[in-house]
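Peer 1: Listed here are the chains, written in short residue letters.
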Amino acid sequence: MISLEQLTKVYETGSHRTTVLDRVDFRVDTGEIAAVVGPSGAGKSTLAQCVTLLERPTSGSVVVNGDDLTRLGERDLRVARRRIGTVFQSDGLFGRRTAAQNVALPLEYLGVTKAETRRRVAELLDRVGLGHRADARPHELSGGQRQRVGIARALALRPTVLLSDEATSGLDPASTTSIVDLLRELRDDLGLSILFVTHEMDTVLQIADTVARLDHGRIVERGRVLDLLRDPASALGAALRPTRPAAGAPDGSRTWRLDYVSADVPTDWPTTLGSALGSPVSLLGASIETLGGATVGHATVAVPEAVAARLPGVAVALGLTARSLDPSPAPTPTPEQELVR
Amino acid sequence: MSVVNTVAPIATTVLASGTSPSTAYDNSVPWAQIPALVLPALGDTFVMVGIVMAIVVLVGVPLGALVHNLGPAGLVPNAPVHTVLSAVISIGRSLPFLILMASIVPFTRFVTGTNIGIAAAVVPMSIAGIAFFTRIVENSLRSVPSDRVRVATASGASRLQIVRTAQLSEALPGLIGGLTINTIAMIEYSAIAGTIGAGGIGYVAVTYGYQRFDHTVMIVTIVLLVATVAAVQQLGDLAVRATSPEPVRRRRWWRRRATDLPPVAAAV
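Protein sequence lines correspond, in order, to chains P and V. Just so we're aligned, residue 1 is where the first sequence starts under this note's numbering, counting upward by one. Just so we're aligned, residue 1 is where the second sequence starts under this note's numbering, counting upward by one.
Bound conformation, chain P alone (with noise of 0.2 Å):
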């Protein structure tokens, strides 16, 4: 668990001060995985690096596994850190020592015997899905295979919080998915709390339980994934949603945009809406995704002007909230429709 308070972060140079992490409150539950998005800038890396205590606080407290790290010594601190696992975004390997010798690290470091870190290192590998490539040098390792090797070493020591520092950043799609899967995966088997930083919306979709916007030093908004999905306020939740463009609307028609807004949103709602409103629905876009097996998203569907008032009423029955997306009211009342799927 991971519990930072009241945490502040500010540079000094010369007369010149500048605040990183302005009163930062943030809470990583155990076995949760707690995304922080931002723009470049933000203090996304350094209230990571804050964790660790790589960085020091100016204020506030960091308390990982109800140790509060400020207040420990130097001795204290590293015994600490063996309990935090971090990958970093550059993975961080060692260049002159194989995958085998980079997991070894923290064991070497801690000094567990040969034959002891021989066997927990083979296991890592194996875990990581890289016991074939144990002799390999980073060189020799795609962009993938090296965050694994960087994850196998964040996991040598048995840490119950994990600090992913952009640890995806910079992968190819297929890389980072797998990268994902296997960061869920260790969370479900170890009951890791993970703190997961990055900048990529998409990459907070497919691991994060909940996520927090972190701007200018504040963190702006947070909350459970589905529940910022669910909110068509949520700024947030707007970031994370894929947005589409819609085909234009035929003539004399209304155009709205339905968000889901509820767990249960029957999958047939364009015939049931069409059924209900007396009127064929055209779908212009959307977006529909499973999450942890509930399912979100949003479309854009256009009703003839005719109807286009009742819309609202029965799509809130579905469990859709409806926005109007028209300027102004549509001149022209001869109605042209298609029905799409």
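Heads up, some of the hints might be wrong.
Claimed, not checked - The calculated label-pair distances, taken between Cβ atoms and stated as ranges, are:
#1 V:V76 <-> P:D181: 54 to 62 Å
#2 P:V10 <-> V:D147: 20 to 28 Å
#3 V:D147 <-> P:D215: 21 to 29 Å
#4 V:T112 <-> P:E74: 38 to 46 Å
#5 V:D147 <-> P:D76: 38 to 46 Å
As the list claims (entries may be wrong) - One side of the interface only, derived from the structure: several residues of chain P facing chain V at Cβ under 7 Å:
#6 Y11
#7 T58
#8 R137
#9 L141
In short, the hints are calculated from the structure, not lab data. Quick reminder that beta carbons are idealized off the backbone N, C-alpha and C, glycines included.
Since chain P is already given, all that's left is putting chain V on it; use the hints.
Peer 2: Positioned in the frame of chain P, the structure of chain V alone reads:
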């Protein structure tokens, strides 16, 4: 004086026949005696440079690591100590070796009890070499990506473990490259030290080749020095390649291969 008396009549006769005086007073070392003169001197040079380099590495590596880590990007930044230490090293680097050697004679005599010979040469050479190598170590450590230190810290390494695994070990190819440069500089310094009677190949070059105009000895010593430096460089390059993670390819311009050609040309 008796030598002059016996030589003079001969010189007169030779000069009379129109030969140059240098041939008349030819005291150059015969070919047959050159190996006996030069080889032990080369051995002395190796001993001198070997001892110096051992001291340089033993002192220079920890000192360079210390200077790097006292600096702003280091593990224990300490501006005042860093500035003082850095200034001392810069003084050691800035004195011409001949001046350095002469100026520390009292110290040399205090340490070794003498101010001539190999032992006396080792002291100023070590001081110059340590100052040189400290900067090389500092520079090599600076070129190691800073995330290595963060990884080691986050993995629970102590400061000493960080310096050993995340700094020195990662910088090894660079350090060996620097060591090669340093060794060659020390061979050069040993020749300068030769002027204070330190012995070695530089001493032979100066006393026989330079002061006695013995061109043969001069050429032999030059050839030997060139060969020694080339051998040290070759050895250093080999070691750098052996310790580099990625194969350092040496492509010689005169050995082009078909695969080097652009695909179109290869097809033709």
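Peer 1: All the hints need checking, so say for each whether the structure fits it.
Peer 2: Here is what the structure says about each hint:
1. V:V76 <-> P:D181: 54 to 62 Å: Given a distance of about 41 Å, which is not inside 54 to 62 Å, the answer is violated.
2. P:V10 <-> V:D147: 20 to 28 Å: Holds, since P:V10 and V:D147 (Cβ atoms, about 23 Å apart) stay within the stated range.
3. V:D147 <-> P:D215: 21 to 29 Å: For P:D215 against V:D147, whose Cβ atoms are near 26 Å apart, the range 21 to 29 Å holds.
4. V:T112 <-> P:E74: 38 to 46 Å: Given a distance of about 42 Å, which is inside 38 to 46 Å, the answer is holds.
5. V:D147 <-> P:D76: 38 to 46 Å: Distance hint for V:D147, P:D76 is violated at roughly 24 Å.
6. Y11: violated (14 Å)
7. T58: violated (17 Å)
8. R137: At 5 Å from the nearest chain V Cβ, P:R137 passes the 7 Å test, so the hint holds.
9. L141: violated (12 Å)
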